[in-house]
Amino acid sequence: MFNKILTFIFHDKLAYAIALAIGIPLGIGTFTFFYAEGFSYSSSKPEVCANCHIMQPQYDSWRKSSHHAAATCVECHLPHDIIGKYFAKGMNGYHHSKAFTLQDFHEPIMIKPGNSKILQDNCVRCHGAMVHDLGAGFGPDIVQCVLCHKTAGHGDVFGIGGPQHLQKESR
Amino acid sequence: AFFLNINDRKTEARSQYVKLVELTETDTDPAKWGINFPRQYDAYRQTAQKTSTRFGGHGGSEALPAEKIERDTWLKRAFAGYAFSIDYRDRRGHAYMLIDQENTKRLTKPQTGSCLNCHSSIMPLYRELGHGNAEAGMNEAYKYSYQDLNKKLHDMGHGHAVACIDCHDPKTLSLRVTRPAFLKALRDLASSDAPVPASLPSIVQWRKGPRTSPYDPNVDGSHQEMRSNVCGQCHAEYYCSNAMPLTFPWAKGLTVDSMESFWNSTKIHDTARFFDFKHKETGAEVLKAQHPEFELWNQGIHARSGVACADCHMPYMREGASKISDHWVRSPLLNINRACQSCHRFPEQEIAARVDAIQERNHQLLERGGAALVDMIDAIVAAKNAGISDDKLKPAFELQRKAQWRLDCIAAENSMGFHAPQEAARVLGEAIDYARQGQLIAVELKAGLSAK
Amino acid sequence: AFFLNINDRKTEARSQYVKLVELTETDTDPAKWGINFPRQYDAYRQTAQKTSTRFGGHGGSEALPAEKIERDTWLKRAFAGYAFSIDYRDRRGHAYMLIDQENTKRLTKPQTGSCLNCHSSIMPLYRELGHGNAEAGMNEAYKYSYQDLNKKLHDMGHGHAVACIDCHDPKTLSLRVTRPAFLKALRDLASSDAPVPASLPSIVQWRKGPRTSPYDPNVDGSHQEMRSNVCGQCHAEYYCSNAMPLTFPWAKGLTVDSMESFWNSTKIHDTARFFDFKHKETGAEVLKAQHPEFELWNQGIHARSGVACADCHMPYMREGASKISDHWVRSPLLNINRACQSCHRFPEQEIAARVDAIQERNHQLLERGGAALVDMIDAIVAAKNAGISDDKLKPAFELQRKAQWRLDCIAAENSMGFHAPQEAARVLGEAIDYARQGQLIAVELKAGLSAK
Ligand SMILES: [Ca+2]
Ligand SMILES: [Ca+2]
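Residue numbers (the working numbering), protein chains in the order written: chain A, 1 to 171; chain B, 1 to 452; chain C, 1 to 452.
It should be emphasised that the hints constitute simulated quantities derived from the structure, not laboratory data. Predicted model, so just to flag it, every value in this text is computed and none were measured. Think of the CB as a built atom: it goes at the ideal place given N, C-alpha and C, for glycine as much as any other residue. Don't take every hint at face value.
To give a feel for the contact side, a few chain C residues facing chain B, derived at Cβ under 7 Å [unchecked claim]:
1. I35
2. K151
3. R361
4. L365
5. R368
6. P421
7. Q422
8. A425
9. L428
10. G429
11. R436
12. A447
Chain A on its own, in the form it takes in the complex (with noise of 0.2 Å):
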C-alpha cells in the first residue's frame, strides 16, 4: 500500500500536496468530490467513467472487449484495497478532472506508471491463481501482463481510423 503512495507522490507531488490540504479549490474540488464520490456508491459502473466524453473511446472498445463480461473500468484501474481506492481516486479524480478542465492533457492519452501498477496488480489479483508460476518466483518487477495482453481490456490497439479489415479478421 505504502508503495502506491509514494509512485503517485512520485508522479505528481503537486496533486499529491493539493489533495493533502483537503481546503482544495472550489472548482476542481467539486469536481473531484463529484468523481471520488460518485464512484463509492456506484463503484462499478462503467458508465459513470464514460461521464466524460474523453473517456467514450475507451468505453466503447471496453465494451467490445474480451473483459466486458468480467470486469469493470474500476475492477482494472482502481486498487482494491480500501485507502487505495480512495487516495487512487482522490489523485485520478484530482487530476484527470483538472486535465479535463483544463484540455491541458496528451493525446492520445496514455495510461501512466503509476496507474499502469495499479493495474498489473488488478491482472495478477483476478488471474493470480493462474499466472503463479510467472516468472518463478524471480521479484517485484515480473512481466507486465500488457506486454502480451494489451488487448484485454480495449481490444486491438489499432488507433483512430487504423486498419479496419484487420480488425474483423483478427476476431
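Since the structure of chain A is already known, use the hints to place chains B and C with the ligands on it.
This is chains B and C with the ligands only, laid out in the frame that chain A set:
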C-alpha cells in the same frame, strides 16, 4: 477510438456541417468548400507553411526549396543530360505544387501538358478535352505543350493546387479517386495475374468475382483502401512526355523489379525499348524513377497491416467532441502523438528515435550506392575514351540501367526508407552490386581483358 | 499494494510446487529437477525431436543434420583452410548440443576445452578449475584440449547439454546468467561509454548510479532482460581457442561494426592483429562470425520494444489451470499462435507470410553476397597466379576481411534476417560493396593498372 468505425465518423462529420453553399463538379476552388467546411479548409491552407525535418520537408528558403542535386552531387552525375540535372529540389507543401511546377527550370526543356495531372485541379479540363470523358481527355492532354495546357487551365479558372474536389465527391463528400492514369493502372493490374499489392485486398475479391465490370477502386475499394488511393494517384512512379499518355508501370505489380520489367517490355517511338533518357556521359539508355511512395509503402509492414497514408499524414484530431482529419498534410514527424501514438504507445522521443535509426541506415546505404554509381560512370567513360566500342560496352550499359533504376527508386522515394525499411535496403544492395559489376566490366574491357 | 502482492506471490510460487527433492548447485542432471517440475522437464526433453522449417531447424536425417557447406557452396570457399570447411551443419535442438559437438569433424583439428562453455552444463567444472571461482576456472579451461576437459566433465558426472541449473537458481528458481564470458563482456560494455544495447536499459540505470560494484545482470538486470540474457550467454559471437580465454567482442557495442573494431584492436599471439584464420586460397587474415543472435536481435524492433527471446522461443502455454513456459525451445514458426499471436492478432498464415517475405528478401541478398565473395576470391587468386605480390594485394585482403565478416555475421546468424530485417540487409549491402571493391583491386592489379 480503437474500434469507433470510420463510417460512423463520416456520417457524424457530414451531418455536422451546415450546408451554406451548393458544391458541384466544377467547384475546384477550395475557398468555396471552405464555407461549408472551415476547419478542413483552415488546415488545408497550412500546407503553405515551411516545414522541415532531418530528411523531410525542405531545406532552403521559403522562396525556393534547396536543390537536391547540389546537396547530393551524385544525383547530378546520374541525371546528366536530363531535365532533372538542371533543377531538382526538395518537395514542399501541397499549396505550392502548381507554382513550383510552373517555376521549375526543367520547363526550359519542352514538357507536356500531362505534367499538370498531379499538380493542379485538372479534372474539369480533362472532361472538356475528352468531351465529357476524363480518360479520353487525359489521352489528349499529352499532345499539348505544358505552357498551352496550363494557360487553358488558368483561363477556365481551375488553376488551383490539389483541391477538395480531387479527393471528395462534392455531393456526398465521400473519398474518391479521380485521376484516369491511376484508375487505368489498377484496372490493368487487377485483370492481370500479377501478385495483388498488400494495400488492395479488394482486388482479391474482384478477381474471385464475375469480372463483368472492370475493377474500379471507387466502386470495389474499401473505405480504408481509399484513404491511401487518394494519395497514390499522384505519389507514384510515372512516365509523362509528348510521346505517350501519362503512364503508371503497374500492370505486372508494384515492386521495383516488376515495374522495371514493365518498362523493359514497353515500346517508345514505336520501335525502341522504352527509356527515359540517354545518359550524357555514357550513352546508356536509362530509366528515371519518380516518388514511388505508393509502391514502396506497399512493400512495407504498414500497408500489410492496413495502415493508410492518411492514418499517418492526415491523422484524426479531436476538435471538441468530434474528430476530424488533419488536412495539413505533412511529415508525421511534426505530429508524432496523433500520427503514431494512436497505435504505438511509446514515448514520442522513442518513436522519433526509431524513425531516425531506420532513416540513418537507409541514408548510409544510399550514399554508398551513389558512390558506386559514380565509380561506374567514371569507369565506363574511361573505357570509351580508351576507344572501347559501345557495342562491347553494352553489358555495362545494361548494368548502369539496372543500378540507376534501383538507386533512384529509393532516392526519389520521399520517406528515406521508412515506408519499407528492409525492402529499401534490399533494393539498394542490388543497386550497389550492379553498379560495381558495371564498373568491373568497363575496367576489364579497358584493360583488354575479355569481360567474363 | 503491488510490491507486497508480488512478495506474497513469491513465497506462494515457491511453496506452490511439491518439493520432492532438494536441488543444489551440483545438480546438473535435468532428470532430478524433473521430479519437482515434471511439466517443464517433459517439454525440455522434446528438444530431441527433429523439427524443420524453411530456414530453421535442420534438414538431413535424425542421425546427422544436413551439411550447410554442401548446400551453400560459397561457404566452403569462404572458410577454406578453416575447420568450418571440414564440417559445418544445421543446428538442432538443445538435447543434441553436446553430442553434436563431440561428433563434429571440426575436432579433427585441435580444439580447446572452452568449446564446452556453451555445449554442456559446465559450471561445477569451472568452479573446480578455479578453486571455487567460476571466472578463474574459465580462464583455465582454454588451456586444456577439448578431449581432456570433456573427459573431466563426464567423469564428474556433468556430461549434460544445457540444463535447468544453467538458467535457474536451484533454490529460488529465479532466472540467472551463469557463464563468465557473458558476464565479463557486459561488465566491460557497461563500464565503457559505448552505446547501450536496446535490450539492456538496466545498463543506463547502472551508469547513472555510483558504480561502486561492477555491472552484473543477475543483480542489476530486470526480469524481462533476464528472459533474453539466459540465451545471450550462448547465442552470441565469440572467439575460443587455446590462444586466449573464451571472449565475446562487446566492449565497444553489439553492432557488426563495433564488434569488428573490437577484433581489429585485439592482439593475438601477443603481437599480431587478431584474426580467426588465414584464408587458404588468398592468404588474407580473416574473421569468423558465429551465431550472433543476441547481437542482431538487439538491432531489431523487437528488442527495442522489450520483446525477449523467451517470449518467442519459450512462449507461455496453458497447462490445465495454470500457465507455464514452453521449455521445448524451438523455432517460433512451429508455434505461431502462442509465440506471435498474443501480440500480433493477425491470422496465422498472415504471420507466417510476413516472416517468409522477410526471410526471402534476406536470403536473396545473402546469395548475392556469396556470389560476390566468390568472384573476389577468384580475382585475388588470379592476381596471385599472375605474380602480384601480397604486399600489393594488401588492400584487397583488407576488403576480403571486411566483406567476409559482414557476410558471415548474417549467414551464421540463425533467423535468416528476421531478428533485425533492415539492419541485416544493410550489413549485406556493405558486404557486397566491399567484396566487389576487393575484386576490382585484384582485377586492376592483374591488368597492371594502378589500383586507385
Ligand atoms: Ca519514371
Ligand atoms: Ca567469432
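Evaluation of the provided hints:
{"no.": "1", "hint": "I35", "in the structure": "violated (43 Å)"}
{"no.": "2", "hint": "K151", "in the structure": "violated (47 Å)"}
{"no.": "3", "hint": "R361", "in the structure": "holds (5 Å)"}
{"no.": "4", "hint": "L365", "in the structure": "holds (5 Å)"}
{"no.": "5", "hint": "R368", "in the structure": "holds (6 Å)"}
{"no.": "6", "hint": "P421", "in the structure": "holds (4 Å)"}
{"no.": "7", "hint": "Q422", "in the structure": "holds (4 Å)"}
{"no.": "8", "hint": "A425", "in the structure": "holds (3 Å)"}
{"no.": "9", "hint": "L428", "in the structure": "holds (6 Å)"}
{"no.": "10", "hint": "G429", "in the structure": "holds (4 Å)"}
{"no.": "11", "hint": "R436", "in the structure": "holds (3 Å)"}
{"no.": "12", "hint": "A447", "in the structure": "holds (3 Å)"}
Hint violations for this structure: numbers 1, 2, all remaining hints satisfied.
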